[in-house]
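Chemist: Sequence:
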Amino acid sequence: MQLNTSCFHKAEIITDRFHIVQHLNRALNSTRISVMNDEPNSKTKFKTYWKLILKDNLKLDNNNSNYYRCYRHLMNESMVVDDLLRVDKILEETYWVHQRLTQAIRNKNITTLLEILNDPPKNISKQMKKAINTLTKYEVSVSNALKYPYSNGRLEGTNNLIKVIKRIAFGYRSFENFRTRVLLICNTMVRLEIKSTH
Numbered sequence: 100m101q102l103n104t105s106c107f108h109k110a111e112i113i114t115d116r117f118h119i120v121q122h123l124n125r126a127l128n129s130t131r132i133s134v135m136n137d138e139p140n141s142k143t144k145f146k147t148y149w150k151l152i153l154k155d156n157l158k159l160d161n162n163n164s165n166y167y168r169c170y171r172h173l174m175n176e177s178m179v180v181d182d183l184l185r186v187d188k189i190l191e192e193t194y195w196v197h198q199r200l201t202q203a204i205r206n207k208n209i210t211t212l213l214e215i216l217n218d219p220p221k222n223i224s225k226q227m228k229k230a231i232n233t234l235t236k237y238e239v240s241v242s243n244a245l246k247y248p249y250s251n252g253r254l255e256g257t258n259n260l261i262k263v264i265k266r267i268a269f270g271y272r273s274f275e276n277f278r279t280r281v282l283l284i285c286n287t288m289v290r291l292e293i294k295s296t297h
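Taking the working numbering, the leading residue of the sequence shown gets 100, the next gets one more, and so forth.
Honestly, the hints are just simulated from the structure, not real lab data.
Bear in mind that the values here come from a model prediction, so they are computed numbers and not experimental data.
The calculated DSS-like cross-link candidates involving lysine-lysine, where the alpha carbons are at most 30 Å apart (straight line), are:
| # | residue 1 | residue 2 |
| --- | --- | --- |
| 1 | Lys225 | Lys142 |
| 2 | Lys225 | Lys150 |
| 3 | Lys228 | Lys158 |
Pair ranges (Cβ atoms, derived):
| # | residue 1 | residue 2 | range |
| --- | --- | --- | --- |
| 4 | Lys142 | Asn165 | 18 to 28 Å |
| 5 | Phe107 | Cys169 | 51 to 61 Å |
| 6 | Lys207 | Lys150 | 17 to 27 Å |
| 7 | Gly270 | Thr147 | 36 to 46 Å |
| 8 | Thr235 | Phe107 | 17 to 27 Å |
| 9 | Ser177 | His108 | 49 to 59 Å |
| 10 | Leu254 | Tyr166 | 37 to 47 Å |
| 11 | His108 | Thr235 | 21 to 31 Å |
| 12 | Glu214 | Cys285 | 39 to 49 Å |
| 13 | Gly270 | Lys246 | 39 to 49 Å |
Every residue gets a Cβ at the ideal spot worked out from N, C-alpha and C, and that includes glycine.
All chains, full assembly: derive it from the sequences and hints.
Modeler: Printed below as a string of structure tokens:
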């Protein structure tokens, strides 16, 4: 970041929103794992329904009831998550902080995000505290992520595409051929107009 500001004096540093959410998801997931290891009776439930804990609370299904593994009666997704959160108070508090942070990022609500980062609840897991401290350290670039619409998602997608082309091609003898193939697939090849000499 120091190099960016020394070369580009007016540059605004933006942390990618995907990486912010990923950082928070990892903190919540590691909290779930530590609770799972401490609670042998609920281990199978935590191991089976980890995706529901990471899922956006507003997208959990409240209507359709099914038979879920580890449960002997009909339940919906919200009921499963509520049951898992009842196991541990710290997990429950961490879960709701995670939900508030991710919803603030999704809605681009800088005020709510900064309120939580600057004054986090006391009884959250140490993993989430560490994640919040990291985001607080980079508060300006995290705020810029919500302020501006820019993202490096397209660049990362292009890098991934190049790696896929390289992998499925089993190597290229000529770098020029490889470069041309990448430019053609990425649709960035500029057509050269050859002027006739007649």
